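Novice: Here are the chains, one letter per residue:
Number of protein chains: 2
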Amino acid sequence: MVYIERLKSLIVKKKTHLTIGIDPDASKIPEFFFNEFANPLEEFCKFIIETTIKYTTAYKFNLAFFEYFGETGFKALESSLNFISKRAITICDSKRGDIPNTSEAYAKTYFDKLGFDAVTVSPYMGIDSIEPFLNRSDKLTYILAATSNKGAYDFQLLETRGGKKLFEEVIEKFISSSYKNIGFIFGAGHSSFIEYYTNLYKNIPILIPGIGAQGGDLNKLLESVHNDLFLVNVSRAILYPTSPFVNKEEYKIAVEQLCLDYSTKINK
Amino acid sequence: MVYIERLKSLIVKKKTHLTIGIDPDASKIPEFFFNEFANPLEEFCKFIIETTIKYTTAYKFNLAFFEYFGETGFKALESSLNFISKRAITICDSKRGDIPNTSEAYAKTYFDKLGFDAVTVSPYMGIDSIEPFLNRSDKLTYILAATSNKGAYDFQLLETRGGKKLFEEVIEKFISSSYKNIGFIFGAGHSSFIEYYTNLYKNIPILIPGIGAQGGDLNKLLESVHNDLFLVNVSRAILYPTSPFVNKEEYKIAVEQLCLDYSTKINK
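Chains as they are written, first to last, in this note's numbering: chain E, 1 to 268; chain H, 1001 to 1268.
No lab work stands behind these hints: they were computed from the structure. Predicted model only: the values in this text are computed from it and were never measured. Warning: the hint list may mix true and false statements.
[To be verified] PhoX-like mimics (lysine-lysine), calculated; alpha carbons at most 20 angstroms apart, straight line: (1) E/Lys8 with E/Lys86; (2) H/Lys1008 with H/Lys1265; (3) E/Lys75 with H/Lys1113; (4) E/Lys28 with H/Lys1108; (5) H/Lys1173 with E/Lys165; (6) E/Lys165 with H/Lys1165; (7) E/Lys28 with E/Lys252; (8) H/Lys1202 with H/Lys1008; (9) E/Lys265 with E/Lys220; (10) H/Lys1028 with H/Lys1252; (11) E/Lys15 with E/Lys265; (12) E/Lys46 with E/Lys248; (13) E/Lys86 with E/Lys113; (14) E/Lys75 with H/Lys1075; (15) E/Lys28 with H/Lys1113; (16) H/Lys1164 with E/Lys164; (17) E/Lys113 with H/Lys1075; (18) H/Lys1150 with E/Lys173; (19) H/Lys1028 with H/Lys1046; (20) H/Lys1113 with H/Lys1086; (21) E/Lys220 with E/Lys268; (22) E/Lys13 with E/Lys268; (23) E/Lys173 with H/Lys1165; (24) H/Lys1014 with H/Lys1268; (25) E/Lys108 with H/Lys1028; (26) E/Lys28 with E/Lys165; (27) H/Lys1248 with H/Lys1046; (28) H/Lys1265 with H/Lys1013; (29) H/Lys1265 with H/Lys1220; (30) H/Lys1028 with E/Lys113; (31) E/Lys54 with E/Lys268; (32) H/Lys1173 with E/Lys150; (33) E/Lys164 with H/Lys1165; (34) E/Lys8 with E/Lys180; (35) H/Lys1164 with E/Lys165.
Given these sequences and hints, build the entire structure.
Specialist: Here's what the structure looks like:
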């Protein structure tokens, strides 16, 4: 339960449930990063972390955006994790899930080599596809339950023969396993499910994306959460303020203000 | 339908439905690669491709194993794809599936930057999570249906309220969409499902892992396939013959023989 203890103490220390999603999108990173720095991606990530680390409990790294940069992306990911060190929870947002020997390779990379504290996974391939992650008892695995996109209604909310929804079958199956280091992911829009499950499971960490650019209602969400182990993720709405910025100083002021606002609001 | 035409003509030309799964596992690659070469991973992949390309219609690259090598892995992946050029179908085995803007980043990397012909995806997050891949009409997207691991029974084979299994709901949902560039993945052990769906859909490509190290019965599988667009994947059983090898020449003979055996058998 190393993860849960760290999560609890960081939430108390930082006074927020905010997680910042680091999605370095080349088309949105201000141009001066590309003009001024040899490794703009690395510089951008470091800048975001430096500007926000006082106000955030966790960082969620979206691997898609790092992978896009190839070798440079891998280097930026490593240096960002080193730069954070132990000052915040680090979540590898990869949504993997594969046959056991392949999931083991992913787990080795994310937990053993890169040193992430947690990972996000997709449950479609069943428990044995997630076990290599769960076997790291000091780490946490966040399993997709009901997600924030409209596609959530295609399969996750389908009713099974037993009268439950698919994502409820997923939750029950993992909860009834012997693993204790599991958490679930709910899109911010699913506040009634969040209410039900955070009431039922007070000690299960919940990760909630869908606030900010994805348009979720923050107040409604916060009213629905009934355990202390939740994290609310904001990515684009903090990383990419709308005005054009010509230098680091102006950009820093805007990002810091947005981060502080979300940090203060996402607290209860 | 560019992909399907290429697939058909390569199957005829190579006289096989074999796909070789490139899973470069550091603990299984013969030691002499690490002693003799500056970039052993790149050299290993090139060696496997050189030795097998006459006998195989496609290569399936398992991204977990490349990601494990970090920057070096990315370089090896790029150089392997360049080395294959147009001589075989290339499948990116990544099993991604995320909110649309993230899936778009993955699609850009795999299709636009790396130039893969096809990708594997996980359907849990629904159609919009897969659309960025499907929007590349010249490429193919293989969607997980019923997989080869025992975890397939946890959710994929659950019955829904309508009396279908979850993976059948997945197939129907994608088939009834407007996208035509879709294929499905069935583990070799699910021969009755393969029989049913390849009879029903003669023009839908099917990717079948689970033969070789995973222990599937090849003859039973081949009897159950009723369309011409199938590919059977073999990874470890070709890449890693059991005897220890002291040099490239011995290793080449063993890999080539195994590949030729599978190539000849996986034809109908």
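Novice: H/Lys1173 and E/Lys150: Cα distance at most 20 angstroms?
Specialist: holds (14 angstroms)
Novice: Need the status of pair E/Lys113, H/Lys1075: alpha-carbon distance at most 20 angstroms?
Specialist: At roughly 18 angstroms apart (the allowed maximum being 20 angstroms), H/Lys1075 and E/Lys113 satisfy the hint.
Novice: Can the restraint linking E/Lys15 and E/Lys265 be considered satisfied, given a maximum Cα separation of 20 angstroms?
Specialist: Within the cut-off at roughly 10 angstroms; holds.
Novice: Straight-line Cα separation of E/Lys8 and E/Lys86 no greater than 20 angstroms?
Specialist: Judged against 20 angstroms, a Cα distance of about 14 angstroms means the pair holds.
Novice: Taking only the CA atoms, is the gap from H/Lys1028 to H/Lys1252 under or equal to 20 angstroms?
Specialist: Distance ~15 angstroms between H/Lys1028 and H/Lys1252 Cα, so the pair holds.
Novice: Given the hinted pair E/Lys54 and E/Lys268, is their Cα-Cα distance within 20 angstroms?
Specialist: holds (18 angstroms)
Novice: Take the C-alpha atoms of E/Lys108 and H/Lys1028, compute the straight-line distance between them, and say whether it is at most 20 angstroms.
Specialist: At roughly 16 angstroms apart (the allowed maximum being 20 angstroms), H/Lys1028 and E/Lys108 satisfy the hint.
Novice: Is H/Lys1164 within 20 angstroms of E/Lys165, Cα to Cα?
Specialist: holds (14 angstroms)
Novice: Going straight from one Cα to the other, do H/Lys1014 and H/Lys1268 come out at no more than 20 angstroms?
Specialist: holds (12 angstroms)
Novice: Is it true that the CA of E/Lys28 sits at most 20 angstroms from the CA of H/Lys1113?
Specialist: holds (19 angstroms)
Novice: Within 20 angstroms, alpha carbon to alpha carbon, are H/Lys1248 and H/Lys1046?
Specialist: With a Cα-Cα distance of about 12 angstroms, the restraint between H/Lys1248 and H/Lys1046 holds, given a limit of 20 angstroms.
Novice: Holds or violated: H/Lys1173 and E/Lys165, Cα atoms, limit 20 angstroms.
Specialist: Satisfied, since the Cα-Cα distance of roughly 17 angstroms is no more than 20 angstroms.
Comparing the model with each numbered hint stated earlier shows that hint 26 is the single one that does not hold.
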